[in-house]
Amino acid sequence: MTTTTSEHQHDDHSHDDGHHEHHIPKGIKRWLYTTNHKDIGTLYLWFAFIMFLIGGAMAMVIRAELFQPGLQIVDPNFFNQMTTVHGLIMVFGAVMPAFTGLANWLVPMMIGAPDMALPRMNNWSFWILPFAFLILLSSLFMEGGGPAFGWTFYAPLSTTYSNDTTALFVFSVHIMGASSIMGAINVIVTIFNMRAPGMTWMKMPLFVWTWLITAFLLIAVMPVLAGAVTMVLTDKFFGTSFFDAAGGGDPVMFQHIFWFFGHPEVYIMILPAFGIISQIVPTFSRKPLFGYASMVYATTSIALLSFIVWAHHMFTTGMPVAAEMFFMLATMLISVPTGVKVFNWVATMWRGSISYEVPMLFALAFIVLFTIGGLSGLMLAIVPVDFQYHDTYFVVAHFHYVLVTGAIFSIMAAVYYWLPKWTGKMFDITLAKWHFWCSLVSVNVLFFPMHFVGLAGMPRRIPDYALQFADFNKWISLGGFAFGLSQLIFLALLIKACRKKGEPVSAQVWEGAEGLEWEIPSPAPYHTFETPPVVK
Amino acid sequence: MLSKFGLVLAGLVASPVFAESSAKASQYQLNMTKGVTDISADVYDLHMLMFKICVAIAVVVFGVMFWAMWFHRKSKGAKPAHFHESVKVEIAWTVIPFIILIFMAIPAAKTLIAMEDASEPDLTIIVTGSQWKWHYKYMDDGVEYYSKMATQQDEIHGKLEKGENYLLEVDRPLVIPINKKVRFLITSDDVIHAWWVPDFAVKQDANPGFINDAWANAKEPGIYRGQCAELCGKDHGFMPIVVIAKEQADYDKWITEQKDILAKAKEEEQRLLAMNMTMDEAMATGEKVYLANCAACHMPNGQGLPGVFPALKGSQIATKDQPKHIDVLLNGVAGTAMQAYAKQLSMTDIAAVVTYERNAWGNNTGDLVQAKDINSAINGK
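Protein sequence lines correspond, in order, to chains L and F. Start counting the first sequence at 6; every next residue gets the next number (my numbering). Start counting the second sequence at 1308; every next residue gets the next number (my numbering).
Calculated directly from the structure, the hints in this document are not laboratory data. Treat the hints with care, as some may be off.
[To be verified] Some, not all, of what chain F presents toward chain L, calculated at C-beta under 7 Å:
hint: 1; residue: TYR1335
hint: 2; residue: LEU1337
hint: 3; residue: PRO1505
hint: 4; residue: GLN1511
hint: 5; residue: LEU1538
hint: 6; residue: MET1606
hint: 7; residue: ASN1608
hint: 8; residue: LEU1612
[Stated by the list, open to error] Not close to chain F: a few residues of chain L, all C-beta gaps over 10 Å, as computed:
hint: 9; residue: ILE140
hint: 10; residue: PHE197
hint: 11; residue: ASN198
hint: 12; residue: GLY203
hint: 13; residue: ASP255
hint: 14; residue: THR397
hint: 15; residue: ASP433
hint: 16; residue: LEU493
hint: 17; residue: CYS503
[To be verified] Here are a few chain L residues that sit away from chain F, every Cβ distance over 10 Å (derived from the structure):
hint: 18; residue: LYS34
hint: 19; residue: ALA62
hint: 20; residue: PHE72
hint: 21; residue: TRP132
hint: 22; residue: ILE186
hint: 23; residue: GLY232
hint: 24; residue: LEU334
hint: 25; residue: PRO509
Using N, Cα and C, we set each Cβ at its ideal position, and we do this for glycine too.
Chain L on its own, in the form it takes in the complex (with noise of 0.2 Å):
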């Protein structure tokens, strides 16, 4: 997350890279015209972080709403826009095109390759996002306002009852979704073809295997929700009956389909997340990741089960019993290899030397956060009492554990791992600090008592609520004001990463890590890897 400015790249490759440095743009036309794997890991990046604080602002008008019973800030229609574009937001604008920037940044470097296999189109799919976003949030100031049917935007609240900018939303989520694609099927053909040799498969570093695998997902769902998508808009626009009785249709294949992508999409944002916890826990630890194999078999497991269970969203949609009995085995069964990954990041750690840098406080409160998040998931495989919790803050609190301090607690500590090889300096580590603390206790009482007002019996996405949910209510906004504002720590501390202040590092930076982007300078030249290295 940061701008590799040229000069020091000039300075450092002047006398063996002098040719291709001629060519580098300066200015707009560097970022606008780039096919270096790390400037676009940068766009990306920085994109994300503007989306994650865009989406953040909506989420506190949302909790500035809820702060107490009554509707003060907001009116109802707004409100469903409000958390419909938030989770848009955050799923497709934050947690993918970031861990698509560490991808950029990442894989090339860890495989020993000089730069993605297609790096033209690496710059497109980089450079339709920004489009499809403005798109999105244009709607938001059209007349009828943007998208109010939630992210999940089931038929026929999306179709028959929405407003016209839901053609827009349709167009957007098209261009996220090739955006996607294009990046999925850079990050497979530069994994197949572009790793040094001697970097065999079952030497790959986990974050490269996570992603490999997470690529195939996007490659297979993606374009199922372009067809959903699709679907909508014909049904709104051109008179199909997809999704409508009355022509023959069926609003619950609608929630077959959206979640036949939804479910795999859940992995898509959690399985770079185990890839990087399995880079940083053996660095602090200073031990070998415990059960290297099995963490990728793990990996590939969860990844095949992905498409299995996708009716556990629907239990209350009136499944037979079979069906329900079905997909509620095969949810539990996917514990069997999440369990298996805590476990070897537990049993890495154990009779390790372990110490405390700001990666590994994020990558621990990860792995406590993420498995209470995985807990509350198995509770809720649990037809039965899934009845009870569907549809409530409970379902809330168990996402949010797993997203926010799941993927997105993930790609903090991922950033705070990587920075000083992006910058050659170490980032400011007081702020940092006080950036984790602060996030931690205030994400807490952010999302923890949403399981108590959920058990209590309150619905999600209502713009107000009845009076017993008030006391909880008051804490989770607070909790998320500060969350908020927690947030601001880490841009400033981007900024000033950015801007290249604190302490030269070397190209070790941290004492126990090891792979082949430590081996490159601090900074990373521009081009690395231009001769592969050799893997032993």
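With chain L fixed as given, assemble chain F onto it according to the hints.
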């Protein structure tokens, strides 16, 4: 992290206490209700079982992790070991969770099969969701009515103090007898809603064009409150459910009363057909009907929500084409959120609300519509 642990444990310890106090629970209610049916009690027990297993897993995993974090610290001079693989250990922590899962799945499957068996009901009620109210129809007795939120807009907007059952009160609750297997056939007129009563552990989606079933056998008389649980548009948060469970005798009495009310309403409708309202009467009734049925979308000031719900103020239909205006009210507009009100409102109410819409907010057409005009529109004259 430790404080979170405290919270989890506090939840565990405190849960039975809170479960006792039912509807009017503490402000800080921590846990799911036990409810008032055998199924809801089973669901609660299952929930607690799963919770305890999860807490036990968390204690073991985090216990080992925190042990390592404390005792295997570099700052304490810990030297790293070199082991990084053990097939035996991997097999153990694959098989043991699998066995735990089997023990979770067995009671879950039992409860699931019991709760999904809606056969041989004593009583069947059709529950239909629409934006944003519920309709109940007793299949055996022909009694049917709409049930709408009773909380006033002024309470929501902070102009009036919020009542005890804020957002959880309706004008006409559903009434069922206790100790009877009541089957609910659940469907929708427009978007997907979900009918949820936590005390019955019943949550079932209302899908337009399809019918789902659920059932409850309440053991205790009482008032049980719930809410719509599937995002269904603007007023999703204002679509409560109230069920009153009564002794059989009280229930029978109630049903008889309802039949009387229905019959009287029909007579009254016939009587009113022959009568003419004055403009003032029509405007007063019309405003009441408008605020209760139309204002959620078209807004109290008749200006709608631009791009979402059309304005009535100054609209072509509400100021010029009167037959079309009446037709829209009676039959709705296909492919939009506009519902058909022919079966929801009396002819007098429809006449009054049409009059109101044609004269309020500066529409000033001077048109006065009578119940008999609506009657002739219905009969195609």
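Q | List of violated hint numbers, smallest to largest | A | Violated hints (numbers, rising): 6, 7, 13, 14 and 24; every other hint is consistent with the structure.
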